[in-house]
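Student: Working from the sequences, and respecting the hints, build out all of it.
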Amino acid sequence: MEHVFLQGSDFVGITFWVVSIAMWASTLFFFYEGMQVAVKWRTSMVVAALITFIAAVHYMYMREYWVTIGESPVVYRYIDWVLTVPLQMVEFFLILVAAGAAVSSNSFWRLLGGTLIMIIGGYLGEAGYLSVTLGFIIGIIGWAIIIWEIFGGEASKAAAENDSVRSAFHAMRIIVLVGWAIYPIGYILGLMMGSVDASTLNGVYNLADFINKILFGLIIWNLAVKDTAK
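For what it's worth, our numbering labels the leading residue of the sequence shown as 1, then goes sequentially.
Since the hints were made in silico from the structure, they are not lab data. Built from N, CA and C at the ideal position, the CB exists for glycine as well. Take these hints with a grain of salt, some might be off.
[Stated by the list, open to error] In silico SDA-like pairs for lysine to any residue, Cα to Cα no more than 25 Å straight-line:
#, residue 1, residue 2
1, K157, L177
2, K157, A168
3, K157, H170
4, K40, K157
5, K230, V46
6, K157, I117
7, K157, K226
8, K40, I175
9, K226, V39
10, K226, G34
11, K230, G34
12, K230, A171
13, K40, N162
14, K157, D227
15, K226, Y32
16, K226, L50
17, K40, F108
18, K40, N106
19, K40, H170
20, K226, H170
21, K40, F53
22, K230, V47
[As the list claims (entries may be wrong)] Simulated restraints on C-beta separations:
#, residue 1, residue 2, range
23, N162, L218, 16 to 22 Å
24, I211, A102, 27 to 33 Å
25, V39, V75, 36 to 42 Å
26, Q36, R166, 20 to 26 Å
27, S9, D163, 50 to 56 Å
28, G194, G70, 17 to 23 Å
29, S104, L207, 33 to 39 Å
30, M35, I141, 35 to 41 Å
Tutor: Structure, rendered in C-alpha cells:
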C-alpha cells in the first residue's frame with residue numbers, strides 16, 4: 001500500500017500532527033515533573049501524563065486516518081474521549097484527596113457516571129446508532145451531571161473549604177464549562193445543522209483537545225509544585 005504523506009495545504013492534517021506531538025511532549029513533561037513533587041501529588045501527575053499519552057497514541061491514528069481517507073476519524077476520537085475524559089474527572093477527585101479535603105466516593109461515581117453518559121450518548125448519535133438529536137440530549141444530560149457536581153455538588157463544597165485547591169479547582173471547572181462547550185457546539189453545527197464541514201469540525205475538535213487536555217494537566221502540575229514548595 002502506497003504511503004500518503006501530509007500535504008502543506010492540509011491544515012486540518014497539520015493540526016492532527018501538531019496535537020499528537022504536543023501530547024507526546026506533555027506526557028514526558030508530566031511524568032518527569034511527577035517525580036519532583038510531593039508523594040501525595042504523584043498519582044495526580046501520573047494520571048495527567050496518562051491522559052496526554054492516550055491522546056497522543058490516538059492522535060497518531062486519527063492523523064493517519066484523516067490523511068489517508070479524508071474522513072472524520074469518529075471511532076478513534078470517541079475511543080480517545082471515552083478513556084481520557086473519565087480520567088480528567090478522576091483528577092477532580094484526586095486533587096481533593098491529595099489536599100486532604102473531605103469528599104466521599106459518591107462524588108467520584110457521579111463524576112465518572114456523568115462523563116460516560118456524555119461520551120456514549122454523543123458517540124451513539126454521531127455514529128448513527130441513535131438519532132443525532134437523541135444522542136445530543138443524552139450527552140447534554142451527562143455534561144449537566146458533571147457541571148452540577150463541580151459547581152454545586154459535594155466536590156464543589158469540598159474544594160471551597162480547602163484553600164490549597166480552591167483556585168486550581170476553579171480553573172479546572174472553567175475548562176469543563178467553557179472549554180468543553182466547544183464539543184456540543186461542534187456537534188450542533190456539524191451534525192444537527194450541517195453548517196460546518198468535516199474539515200472545520202475536526203480542526204475545532206483538535207484545538208479543543210489541545211487546550212483542554214494539556215492545560216488541565218498544567219493546572220494540576222502548578223498546584224502540585226506550589227504545594228510541594230510549602
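Student: Give a verdict on every hint.
Tutor: Right, here's what the structure says about each hint:
1. K157 x L177: Holds, because 17 Å separates the two Cα atoms, which is no more than 25 Å.
2. K157 x A168: Distance of about 14 Å is within 25 Å: holds.
3. K157 x H170: holds (12 Å)
4. K40 x K157: holds (21 Å)
5. K230 x V46: holds (21 Å)
6. K157 x I117: holds (23 Å)
7. K157 x K226: OK: K157 and K226 at ~22 Å, within 25 Å.
8. K40 x I175: holds (24 Å)
9. K226 x V39: holds (13 Å)
10. K226 x G34: holds (13 Å)
11. K230 x G34: holds (17 Å)
12. K230 x A171: Given pair K230, A171 holds - Cα atoms ~21 Å apart, limit 25 Å.
13. K40 x N162: Within the cut-off at roughly 16 Å; holds.
14. K157 x D227: holds (20 Å)
15. K226 x Y32: holds (16 Å)
16. K226 x L50: Roughly 22 Å between the alpha carbons, so the hint for K226 and L50 holds.
17. K40 x F108: Judged against 25 Å, a Cα distance of about 18 Å means the pair holds.
18. K40 x N106: holds (21 Å)
19. K40 x H170: holds (20 Å)
20. K226 x H170: Cα-Cα ~16 Å, so holds.
21. K40 x F53: Satisfied, since the Cα-Cα distance of roughly 21 Å is no more than 25 Å.
22. K230 x V47: This hinted pair holds, its Cα atoms lying about 23 Å apart.
23. N162 x L218: 16 to 22 Å: holds (20 Å)
24. I211 x A102: 27 to 33 Å: Given a distance of about 31 Å, which is inside 27 to 33 Å, the answer is holds.
25. V39 x V75: 36 to 42 Å: holds (38 Å)
26. Q36 x R166: 20 to 26 Å: holds (23 Å)
27. S9 x D163: 50 to 56 Å: holds (51 Å)
28. G194 x G70: 17 to 23 Å: holds (18 Å)
29. S104 x L207: 33 to 39 Å: holds (36 Å)
30. M35 x I141: 35 to 41 Å: The hint (35 to 41 Å, Cβ to Cβ) holds, given that M35 and I141 are roughly 40 Å apart.
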